[in-house]
Amino acid sequence: MNAPSDTIAQYNFAYLDEQTKRMIRRAILKAIAIPGYQVPFASREMPMPYGWGTGGVQVTASIIGPDDVLKVIDQGADDTTNAVSIRAFFQKVAHVAVTTHTADATIVQTRHRIPEEPLKEGQVLVYQVPIPEPLRFLEPRETETRKMHALEEYGLMHVKLYEDIAQHGHIATTFAYPVKVEGRYVMDPSPTPKFDNPKMHMSRALQLFGAGREKRIYAVPPHTRVESLDFEDHPFEVQRFDEPCALCGGMDVYLDEVILDDQGGRMFVCSDTDHCEERRDAGHRGHLAGEDGPPSSISEGGTQ
Amino acid sequence: MAFDSIAIEGGFKNPVFDAQSMFRAVMQALAEPGTVHRGIALTRPPAPLTPEAAGVALTLCDQDTPVWLDPALRAEEAVGTWLAFHTGAPLANTPADAHFIFVADAENLIGLENFAQGTQEYPDRSATLVLQVKSLTGGAELVLEGPGIESRARLSPHPMPRHFARQWAQNRARFPRGIDIVLVSREGLAALPRTTRIVNQEGEPCM
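So the protein lines, in turn, are chains G and W.
Residue 437 in the numbering used here sits at position 185 of the first sequence, and the numbers go up by one each step.
Residue 42 in the numbering used here sits at position 36 of the second sequence, and the numbers go up by one each step.
Since the hints were made in silico from the structure, they are not lab data.
Treat the numbers as computed from the prediction; the structure is a model and nothing was measured.
Incorrect hints may have been included.
What the hints assert, rightly or not - Covered stretches of chain G, going by a simulated chain W footprint (3 or more residues, C-beta under 8 Å):
no., segment
1, 271 to 280
2, 285 to 299
3, 389 to 402
C-beta: ideal position from N, C-alpha, C; glycine also.
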């Protein structure tokens, strides 16, 4: 209704119609008021298939305004298909500024990673979630999982983690590792590596989760306790990497394995491309970084 | 025809962007209880509905959300007509049916337990209270703790419903059921989600 009228067909700002935005906004407010609880919402069809982040896109479309600066990452990278197309989508339908720099963004939409750089107050992290229900693979019936959440009956989840220990000697869950929010709701952090779980705890940013196909929205407000489930004798631990990033030499970051040849050659590089680039710009070098300095920023880099 | 023009005029100048700006203010207020936020609330509703409360109504209410008006707002017929024209929201017959509650006379508000609390399975099916207050400062100080608050937050709104600290403790005890409150005044808006605890200086729950 506010779209410029110089062309014939125009979408509303940020694609969604206003009534849909109101419905999603109401769900977001309830989600913030009940941290970790999955609020049902009337998910819409989006111009992309389920599994490509329709939940996250609907959440972002409902909160974004003309002054926002958007960053989109897919497995930590700004330059993969999903991230590039969602960023282009919002440039087209909302004319917002985009960036690859975590610090410059007001909204970060993510698929399966949390940026390495700690988020700040006022930033919003929007997760794309495939299966929002942490108990779904243990109990397929929604009526039952809803009752389990209502009664705070999470014994089954501990049994699952215990079976890991019985079989493998340690908790073998490495991603979508269940967390308890503010001591009440058990929540699926989306398929982030468990390496990122500690970043959710007492984060300074607001975290919103959207599951389009499953039609659920949930949230973690800033400064909220997010504890990974564990046992006294098997405390929660994150992955450790033996070597630093091959490009920037960074330690204590999450690394991706890259196959170099068919002779078993491989390298480990930062999964968070922005973090890696910023370290290389600051002069850090890994053993495979080469002599010519850092590769030029990816084509869409920088605030536009 | 003066009555009709009162009902029709005074909505958002720019519905899409004004609603987005108002929503972000409400969202940040709920995410960080006790902090005061301002949205663009360029509404001119009939008194005693305030521009800020009307801005929240235009942002969040539509035909899916029955609203309940407190007696002070209901006494002025133009308020109901204005909300009906601009939002399409039906008026709830009883407080318990309403998704949004608009209150102009906070001191004489009926007990919080009269509003929809949600169910244990669906705690989101609860009411949001939009409370018009004269000021967010100068009243009895509420010391706040809970999600969204780093250590402690302070807010001194007035006037507030009678025995508010005790009523709020009961609301908190019903968690995950319960209502959420958005406080609106000329200074902006602040919120008390159901997770927020009111504590006195020693950190004990206020009774």
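Hints versus structure:
| no. | hint | verdict |
| --- | --- | --- |
| 1 | 271 to 280 | holds (count 8) |
| 2 | 285 to 299 | holds (count 6) |
| 3 | 389 to 402 | holds (count 4) |
Every hint, counting from the list given before, is met by this structure.
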